[in-house]
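Peer 1: Given next are the chains, with one letter for each unit.
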Amino acid sequence: MQFLSFQYLCFLAVTAIGYRVCPLRWRSYLLLGTSYLFYCTWSPRMAVVLLLATALCYFTALRLQALRGRSAASALARAGVSALILFLAFFKLRPLLSSSSNLLIPLGVSYYTFRLISYLVDVYWGKYNAVQEFVPFAAYVAFFPQLLAGPIQRESSFLPQLNRQGAESRVLEGLLRMALGFAKKSIVADNLGLFVGWSYGHLHSGSALPSIVALYLFPLQLYADFSGLTDIAIGSGLVLGTEAPENFDAPFSATSITEFWRRWHMTLTSWLRDYVFMPVRTLTRDWGKIGLALSLTVNMLLIALWHGFTLGFVVYGLFQSLFLVAEALTVSQRSKYRLAHPMSEKVANLVGPIFVYHVIAVGSVFFRAPSLVSAGQLFANLGDGLSRLGSDLEALVSPPNHHAWIALPAYALIAAVDVHRRRNGFRLPDLAPRYLRWSVYGSVTAMWILIALTLLGSEKGADPFVYAMF
Amino acid sequence: MENVIAERLTQTFRSTFGKSDIQLSRGTTAADIKEWDSLMHINLIVAVEREFRVRFTTLEVMSLSNVGDLADTIARKINKE
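In order, the protein sequences belong to chains A and B. Sequential numbering of the first sequence, starting at 1, is according to the working numbering. Sequential numbering of the second sequence, starting at 471, is according to the working numbering.
If you are wondering where the hints come from, they were derived from the structure by calculation, not from laboratory data. Do not take every clue at face value.
Quick list of in silico lysine-lysine cross-link-like pairs, BS3-like style, CA-CA up to 25 angstroms [as the list claims (entries may be wrong)]: (1) B:LYS489 / A:LYS346; (2) A:LYS127 / B:LYS547; (3) B:LYS547 / A:LYS336; (4) B:LYS504 / B:LYS489; (5) A:LYS289 / A:LYS336; (6) A:LYS346 / A:LYS336; (7) B:LYS504 / A:LYS127; (8) B:LYS489 / A:LYS289; (9) A:LYS289 / B:LYS550.
What follows is a list of derived Cβ distance ranges for each label pair [said to hold, decoys possible]: (10) A:GLY18 / B:SER535: 31 to 41 angstroms; (11) A:LEU93 / B:GLU505: 23 to 33 angstroms; (12) B:ASP491 / A:GLY18: 47 to 57 angstroms; (13) A:ALA79 / B:MET510: 26 to 36 angstroms; (14) A:PRO429 / B:ASN536: 32 to 42 angstroms; (15) A:PRO429 / B:GLU505: 30 to 40 angstroms; (16) B:ASN536 / A:ALA340: 30 to 40 angstroms; (17) A:VAL417 / B:ASP539: 50 to 60 angstroms; (18) B:ASP502 / A:GLY288: 21 to 31 angstroms; (19) B:SER535 / A:VAL351: 35 to 45 angstroms; (20) B:MET510 / A:PRO433: 46 to 56 angstroms; (21) A:TYR435 / B:SER533: 22 to 32 angstroms; (22) B:ASP491 / A:ILE212: 28 to 38 angstroms; (23) B:ASP507 / A:SER344: 16 to 26 angstroms.
Idealized CB from N, CA, C, for every residue including glycine.
Pulled out of the complex, with its shape left as it was, chain B reads as follows (with noise of 0.2 angstroms):
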């Protein structure tokens, strides 16, 4: 992941989720954050969007498997723009 987008995504989670501890790597998914259902995703989609100002499609919502496509998604909307 990139620093700048890891770091800022970090503090995207920690915020969605309420908690301070969280720490991201490429690998980590819904199942490592116990707070991380299905409703919290779309919470979590929506805050991402707000922090980087992109706008996610479906598909791309739901192609994604890990932190690591979401970073990447993100790179390759604010690369485009």
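Chain A extracted, bound-state conformation (with noise of 0.2 angstroms):
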């Protein structure tokens, strides 16, 4: 079952029915009943995996608590992760070593494995106590809202809203959230699809223009497809009434590298934070600056190795490792700059987002382009010219691209919207008129009876979410 397809929306509709109507002890099994059916529509095979490790983990947890103190908690905890590692690096590294193309990869397992790694691990540093019941603990894992491609939640931020009354006055907020989402899917990203795959598809054709539309939409594509996927992800979890801790932050605001990663896909890097980088940076604290620098880059390496094992992604890791270690290794001396040189901070406000922006488009051409040989092309042919402008453009919007320049004008509306979603949120004030109420209300019925049947009569459906094959 999509996310963007029509049955999506019925299953929605009826388990946040029945999530209300339910007294709130069943909730954790309506919950994990619904998570388990939508991963059946996928492949029940690999719901039974996914079963089993969340049962492992759990047993696993329990120990741990049990032993907490003991030396053999240690040991546990380490044949648990390790454990952890190798399902996923087993379902990750497969593909590569298999040639047959029908291999069967467990849906979400990275976002799955995840979890229940920084579950065990808390369990372990003693943060929080394992769980006792199975049931709301299996439906934490596998949250059919946040299975495919997150947010990463921690099981202490989602089980203790299980038993939270007052879910009803987030059904606004979540529908809405939802909209926004499908918006930048389906407006935004896929139509920016059409302009990069075309490019990609137009290296050779001598001139700049494709490599130019290539290296600059790329970003915007991947950020629309991404945070639309974590807008329906968010939003379906509040028309339940749960609550989800967000991905993105305006990550084309930051004015450093290091900024950027603080705000792009936020609960994957705040996890590797928590259980790689501090725990490693701890170890290699006597190194200096070294220590850091390897910290960074080890962090950094695998970000990029997360979404695959290929060269491309290694120089997509190393390449944004670069510039994080450059700036870790700078903070103080630029510190004092800026408090000696007070208009140097206006100029970078100014300058570091259009910075930040060039280094993540010249990254993500390793994450787009086919192999390294596509993405030398692409470089290469920045230097190629833009004489033959005119006719390049032509070719840039003919069928079946001609209608997807739209995405630029809607991407700038659908960006004003989620700055005003960020700032005040989708919630109608407490004051509202009830005239003003009733006509959101009446006007939120009706967007979504078009988007539901938009996505009822669509034949194609949308593009599969670039960040739900991770």
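Dock the two chains into a complex; use the hints.
Peer 2: Rendered as structure tokens:
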């Protein structure tokens, strides 16, 4: 079952009604049942794999808690985390080691494995106690809105919500958030994808235009695609009555690469900070700047390799870590310079986002390009000039791309709505008059009827989400 | 927090973060000090280790939730020696 489908909307609506009418103590059973039903529409066999991994971690955590303070706890934690890493690596590496193209990879395997690892580690570190009941824990691991591509929510922020009343007030917010996600994906990302796809197909044309389009538009496509997917996931949770952590915080407004990675895929980067960077940095704290550079590079390489074990992703990770290391090693010098030259702060705020966008755009070529040769071709073509600009542009916007330009004004509009959402949320003011309240309800209902009819009548459906494959 | 540990800890925080107005309580966390990010956290741990002449294990560092935990771990290590 796809997020962008009429079936998903019906499934979510029925689950949300069930969630509200069933007693509090049955909620986790309902979520567990519906999440596994959702999973079984992809692969019942892989649902069994998910259940086994969940059960293994549940019992390991209980044992870890019983052993806390003893040396056996350390051995058990290492064994548990190693088993999960091997489990994830097996599914991630299998396509590389096998020639078969029909290999099944468990849906959302990265996301639920990360949830399980952090849970085990938190129990071992003594930050949280092990969950005593299996059903709420299994419902947390398999929670269907977050199964496909996160956000990676920690168990400590999810489980208490299952016993909370007052979920009704978030439905409007959730529906608006989901609509924003649908718009990002189907109007912006898929249309930008047409331009980017055309550009990668025309890198041999002897003109710089395909390279320029691919270089500058792919980061926007990726952002609209992934943040749209996150909006649908967070919105679905709100419709049910659960809150999830944010995954993006206006990443292209960042003034440094370090800040960018604090604003992009935030639940993954904070997960890696807590469970990879901090332990590695603690172990290497006596190694001075080399320890810092090593910790940052390991962290960034893992972020890159998580997307796939290819040479392109290795270059992607190393390229980003160059900037992260340079920024980390010059923190105090830059801070002193800013204090001595107050104007430099204003200049950095203006120039920083432009610099960051260019670095991210160059790095993203290694993310999107099918091979390093293709990436090299893209950069080499930038020097080809724009002598045939008129005919190139004509080719770029010819069918099936002739309506794709709508993505650019739509992106500007959606970005403005997103700024409003971050500042004020999608909530109606408490004292909003009744006529305003009902006109909003009416508009949102009409909008959703339209979206549902569009999805029902869509033969092709939307393109798959880029991040759903990780 | 024991007074002596609290006092030395406050001084260490002030010199690490370069802010003379830092006031600590047992419940103080990274969220309360703007400069206290993941990079500065390790600088702080190294500074605390130097100040109190102790050595934390990775598990001890990762288990810390707030300043109270840090003070308790320091006290435990000093008393052991």
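Peer 1: Any hints this thing doesn't respect? Which numbers, in order?
Peer 2: 3, 9, 11, 17, 21 and 22
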